[in-house]
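Trainee: Protein chains in written order, with my numbering: chain E, 1 to 220; chain P, 221 to 856.
Calculated from the structure, these hints are not laboratory results.
Please read these numbers as outputs of a predicted model, since none were measured by experiment.
Treat the hints loosely; a few may be bogus.
Below, computed lysine-lysine pairings styled on BS3-like, alpha-carbon distance capped at 25 Å [said to hold, decoys possible]: (1) P:Lys256 with E:Lys88; (2) P:Lys242 with E:Lys146; (3) P:Lys773 with E:Lys88; (4) E:Lys149 with E:Lys184; (5) P:Lys757 with P:Lys773; (6) P:Lys242 with E:Lys149; (7) E:Lys88 with P:Lys242; (8) P:Lys527 with P:Lys585.
What follows is a set of in silico ranges between Cβ atoms, one per label pair, in the way DEER data are often shown [stated by the list, open to error]: (9) E:Tyr191 with P:Tyr339: 46 to 52 Å; (10) P:Gly724 with E:Pro148: 33 to 39 Å; (11) P:Phe716 with E:Ala107: 54 to 60 Å; (12) P:Thr632 with E:Arg147: 34 to 40 Å; (13) P:Lys223 with E:Val93: 36 to 42 Å; (14) E:Pro148 with P:Glu419: 53 to 59 Å; (15) E:Gln167 with P:Tyr222: 44 to 50 Å; (16) E:Ala102 with P:Arg678: 42 to 48 Å; (17) E:Leu19 with P:Ile452: 54 to 60 Å; (18) P:Ser809 with E:His18: 54 to 60 Å.
Note that the Cβ used here is the ideal one computed from N, Cα and C, for glycine as well.
Each chain, letter by letter, is given below.
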Amino acid sequence: MSIRFVYQVDGVLKFLSHLDLLKLFNRALLRASLPVAYSEGFNPHPKISFGPPRGVGQEGRRELGDLQLKEPLQPEVVMQRLNLALPKNLRVVAAKEIADDAPALMAEINLAVYEAEFILEPALLAAVKDKAAAFWAADRVEILRKRPKKRDKMIDLRAGVQYLEWQDNTLCLEIPFAETGSVKPAEVLQYLLPPGCGAAYRLARVGLFVQSADNQRREP
Amino acid sequence: MYKTAKSWAAEVESQLLPYVDKPAQYLGGEYNTVEKDWQQAAATMALLFPDLYEIGMSHLGMRILYEVVNKRPEYLLERVFAPATDMEKLMREKHIPLFSWDNYHAVRDFDIVGVTLQYEMSFSNILNMLDLAGLPLLAADRAGDGWQWPLVVAGGPCAYNPEPLADFFDLFIIGEGEDVEPELLDLYTECRRAGLSREQFLHRAAALPGIYVPQLYQPVYTEDGRLKAMQIEPDAPARVQKRLVQDMNTALFPECQIVPFAQIVHDRAVIEVMRGCNRGCRFCQAGIIYRPVREKSPEVLRAQAAKALTATGYDELGMISLSTADYSCVSPLIDQLLADHSADGVSVSLPSLRVDAVSVGLADKLQTVRKGGLTLAPEAGTQRLRDIINKGVNEEDIFAAVQAALTAGWNTIKLYFMAGLPYETDDDLRGIAQLARQILALGRSRAAAADMDAKPRRPLNITVSVAFFVPKAHTPFQWFGQNSRTELQRKRELLFAEFKDIRGARLNCHDIELSFLEGVFSRGDRRLGQVLLAAHKLGCKFDSWHEHFAYDKWLQAFDQAGIDPAEYAERQFAQEDCLPWEHIDCGVSKKWLWQEWEKAARAEKTLDCRQGPCNGCGICPALGCENRYCESEVAE
Ligand code: SF4
Ligand code: SF4
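Only chain E is shown next, with the shape it has when bound in the complex:
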């Protein structure tokens, strides 16, 4: 049977890379002694898969994962057992059964929603808000993306942002996954911040969605 679970990752664990997290889950599955299904072949690995990778340094509030089991088990039991085997700052908060042939998370998810809480004094925050307004009004905002061992690339930041909205000092950003590569939330935030501010915000990915052509969205 297949289980889809929702997990949260915060505290220092937001600094784990996608690969670190994969390894962590693989070991947690063994510790939890869940009847996980394994892939065939010379080097069998547990059948667990995740949504699109999150950037290092971002918290995850509703991250998604799929797990295949050899034997049926209540989703709540899977959740409980997994939680006992996870380190602090990482927890499963929901689990449900899905069809074995449900589309893969990676294939379906096409929208990520972020929240960035700015930690700035009022004057600086006002400047950021002004810049955000100008950004939203602009047709194009080009920046140079630095790429390790490759030439810098010109990208249009504005085109990569579907929606933005302020709630006090928190900026909510909607960024679709584009086939040509999507913008990174940190690129938008760094653009908005005056130079020299560093990462003066707490960034979280708060949701992953499937958005249809008519702008309806659902959590997979």
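Fit chain P with the ligands to the known structure of chain E by using the hints.
Mentor: Coordinates of chain P with the ligands only, in the frame set by chain E:
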């Protein structure tokens, strides 16, 4: 807990981690770490490993001490590793002091700071870390203000010649830490409760078996600058005898092993099958200081393996010891472990192999080193030299091991040798090349045979790795002066010339400068403290990382301290000389070591006492211990 500690978590999270390379290596709270309340702890201890997290967490001793101290409800121990250079730079910029990984407590707020001494070339990192922690480097500079500064202590193999570091530490723990570490904490809390001074505490500590308090021992030098004797305070023991665990079966072992978030060098669950190795290779310090052999019973190991695997979720189990193939029940134990766990996809690995067909057979059974590479260490190129160093390996063993490896399908073999050994001639070095040729020929005849049954085979490839010999304290070769740098350079060139025409063999040699510095410190005395201080001020750190090693700065440091390093490295000690580590007693008698040194001159071998009678190394009577071999049958 004699200081309240602020956690630097907020600063670390917001000002450091977002900006450093591989932040996962700085995260505590890994699975199986223990949560302890600082306020409730009777004493707090920081355990420093003077290298990166990926190295430190691969080290079993670190895990054992973490367990031993934290098992005691009243004590708290947190881990500290060396920050990589990008992290260090940021920490210095933001004035964030060195912190513990577990809860980001500042190192300077702990009651005791313990440092593990694994290799000489980590000494500069130790000073750098103490500095980054904001601690005065010299023990004398920490003593003036009573208990304001933590007690800074050290243990580990390099504590067997503690003198080069003596100025920096309040005390050293000699030998295995399992028992003495908690005793030290007990004494510490007792003395603090009784309101004793730092000075009084140190005198009491010196009376604890296995504790060396260097300030109570003052070296006296002759007019020509040689060490004459140690002047020892009346209440300190004349010699500090090492501590050891008598019975490994009942010794505390961390089964719930910490599972790092970041990739580390040895990322697997481990069991320690035994401690000690009596093969008596004359160059080997571990073979002396970890005597005698204490094997664990297969039942205990089976249980510990099962527990470690379920508690960690690792799919690899390492069977750790100095020479696991020598473990009495190695083959049945491996069978048992495979039967217990291979259905769960767990593989079992051996860290090192003996050079013979049996060991290769074991490795093949384990299938872990997946036909990538097999490592064998004949150490010397000719039988004469192998007998001199008492490496109990002959040519037939080597060829049999290679044959077995070829049969099992390995086509890459790594061979370890040393150059610059006592009584070595150029013929011995040519012997290394000769051996390489013979091994490659075996590979070719094998390939030809395989052609006939039409299975295409990749040709055999060998890598020959040559280390330059560094004489170590407490070994039969402790009296031997290291070859000069020019001599080692000449030998290096000779080797490369020999290997130039050997197709299928790759030669690499260790760094001469690094081996030279290691040689200076491994048999050095207290005067080298000045050099370490100067080197630290010049910015030396991470010396064992090629990209950071700054030889010219080291030479400058020697110069500033007015010390000729070659005099230390190349010094040939005489029998009657007072050795700088004379007051440290590893249990093996100096007399026996000298006999071994003389036997080496005659190329005479000494057998492992496992295979024959006691050969009188002295440890068993001196420490009231004995070799413990497990029963050779395994309970079904
Ligand atoms: S086999 Fe030789 S080199 Fe290896 S640990 Fe034993 S004494 Fe040392
Ligand atoms: S004292 Fe004798 S039996 Fe004991 S380790 Fe030494 S040689 Fe072996």
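Trainee: None of the hints should be skipped; say for each whether it holds.
Mentor: Here's how the hints hold up against the structure:
no.	hint	in the structure
1	P:Lys256 with E:Lys88	holds, 14 Å
2	P:Lys242 with E:Lys146	holds, 18 Å
3	P:Lys773 with E:Lys88	violated, 44 Å
4	E:Lys149 with E:Lys184	holds, 19 Å
5	P:Lys757 with P:Lys773	holds, 10 Å
6	P:Lys242 with E:Lys149	holds, 18 Å
7	E:Lys88 with P:Lys242	holds, 20 Å
8	P:Lys527 with P:Lys585	holds, 23 Å
9	E:Tyr191 with P:Tyr339: 46 to 52 Å	holds, 47 Å
10	P:Gly724 with E:Pro148: 33 to 39 Å	holds, 36 Å
11	P:Phe716 with E:Ala107: 54 to 60 Å	holds, 55 Å
12	P:Thr632 with E:Arg147: 34 to 40 Å	holds, 35 Å
13	P:Lys223 with E:Val93: 36 to 42 Å	holds, 38 Å
14	E:Pro148 with P:Glu419: 53 to 59 Å	holds, 55 Å
15	E:Gln167 with P:Tyr222: 44 to 50 Å	holds, 46 Å
16	E:Ala102 with P:Arg678: 42 to 48 Å	holds, 44 Å
17	E:Leu19 with P:Ile452: 54 to 60 Å	holds, 55 Å
18	P:Ser809 with E:His18: 54 to 60 Å	holds, 57 Å
In summary, the structure is inconsistent with hint 3 from the numbered list given earlier, while agreeing with all the others.
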